[in-house]
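S.K.: Heads up, the sequence shown is in our numbering, so the first residue is 48 and it goes up one at a time.
No wet-lab data here; the hints were simulated from the structure.
Please note: incorrect hints may appear among the correct ones.
Taking lysine to aspartate or glutamate and the EDC-like style, the derived pairs with C-alpha atoms no more than 20 Å apart in a straight line are [what the hints assert, rightly or not]:
(1) Lys183 x Glu405
(2) Lys495 x Asp440
(3) Lys495 x Glu397
Please read these numbers as outputs of a predicted model, since none were measured by experiment.
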Amino acid sequence: MTLRLLHYSDVENAYDAPDRIGRLAGTVRARRDADTLVFGTGDNTSPGVLPLVTRGEQALDFFAAVEPDADTFGNHDFDYGPDRALELVDRAPQPWLCANVRRDGAPFGRDHDVHPWRVFEAGGARVGVFGVVTPKTASINPATGDVSFSDPIVAAEAAVEALREQDVDYIVCLSHLGRGDEQLATAVDVDVVLGGHNHAETVERLGDTLLTRPGANGEILFEIDLPAREVTRHIVVEGPLNESIRDAMADRMAAAGVDDRVATVEEPIERTEAACFGGESRVGNFVADAYRWYADADVGLQNAGGIRSGPPLTDEVTVGDLISLVPFEEPLAVAEVSGATLRRAFAQGEGSRLGFGEPDWWHAHVSGATLVYDRAAGDLREATVGGEPIRPDRTYRVALSDYLLHSDDEFPALDEHHRVDRLEVQYRVLEAYARELSIDPQVEGRIKWV
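The whole structure should be built from the sequences, with the hints applied where relevant.
M.R.: Here you go:
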């Protein structure tokens, strides 16, 4: 008998596109039978406009329609705090598997439907499944509160040992590690790693282990056949439509009250992965400019991962469109830093050391500054602020997401002791800027490669 796995991950702002989330649900249901297991690998409740407005509630509609066999946590599944995450677990039809999350000295969610591992039967096979999430979750998501995240490799080894004792035919890992998937696949004896967190679509064979990551926003569903380990890629927009899910999301979006127009954009502003992570872009400049303007700062700094990809901003731009760009209840902060620290932060804009992206991604969008970077050498050659070279002993005022002062993952040169103020929530800053100055960013040579 053939066992089929269906793998979705990082659904995120697909909920804001009713037709797409309806087709993801329809594609899952169309490909499912008695020999199939359906798994999600994190960030399937948030972020997005509807996730922000409903605090993840909208995901329950999707889960009820597709009835996953299991999901694991992603970093964004804690966006509304650990207690809200457990509320959603209690109301979702599937168990949640995560072996490296703890709270109060005990496994997180042990009194709820959260488990380190579980055995499923399908396709004539016994399948042992466990989950892990990036240990950087507490650093990259301040809302995790008192939840801690341990070494995923140690947790995976313990889960595999326990599952081997259950006489399983296959072991599958549900992973939200990003580029840590590759290490897990080579270090731990598993048959399949179903990955997430890294939004780059991936199908890779590492020795005897198959690794898949379907990318973000519900655009791709992977189908894996075992024992052949063949992978079929389903393009969701070409799939069948689940009209009930489409209508449910459309109704939720209409009720959200985010369709107030704030500006008109004549030349569409792209929000593709390339626009977010490829260096200077119009969308990055818009966000960074809004931050600098609102805070009356020397520099605006926006991390590329904080800008969510999606349809271009064009024609009548609404409040909802701006929320979808930075869909977090995160305030704009003001930091005061020395020129030496600011230069170190700018140098950390390259992406090779980050676990959620690709090595050639660029992570810094700036306003009020220009950067010249030697990518081959991994070196920031030049940096100016206000047209002048950065002075190491001068203090600079930087407007940025408060998240960047909490996280030691992105721009670790900046931390909470640099904060001098917290201002309005980020998307409200974009709204104020758009209403006052409209939206017409240009690429100006702020970031250059040599």
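S.K.: Now tell me if each hint is right for this structure.
M.R.: Each hint, compared with the structure:
This hinted pair checks out: lysine 183 and glutamate 405 have alpha carbons roughly 17 Å apart, not beyond 20 Å. Restraint check for lysine 495 and aspartate 440: the C-alpha separation of about 25 Å exceeds 20 Å, so the hint is violated. With a C-alpha separation of about 12 Å, the suggested pairing of lysine 495 with glutamate 397 holds against the 20 Å cut-off.
Taken one by one, the earlier hints fail for this structure only at number 2.
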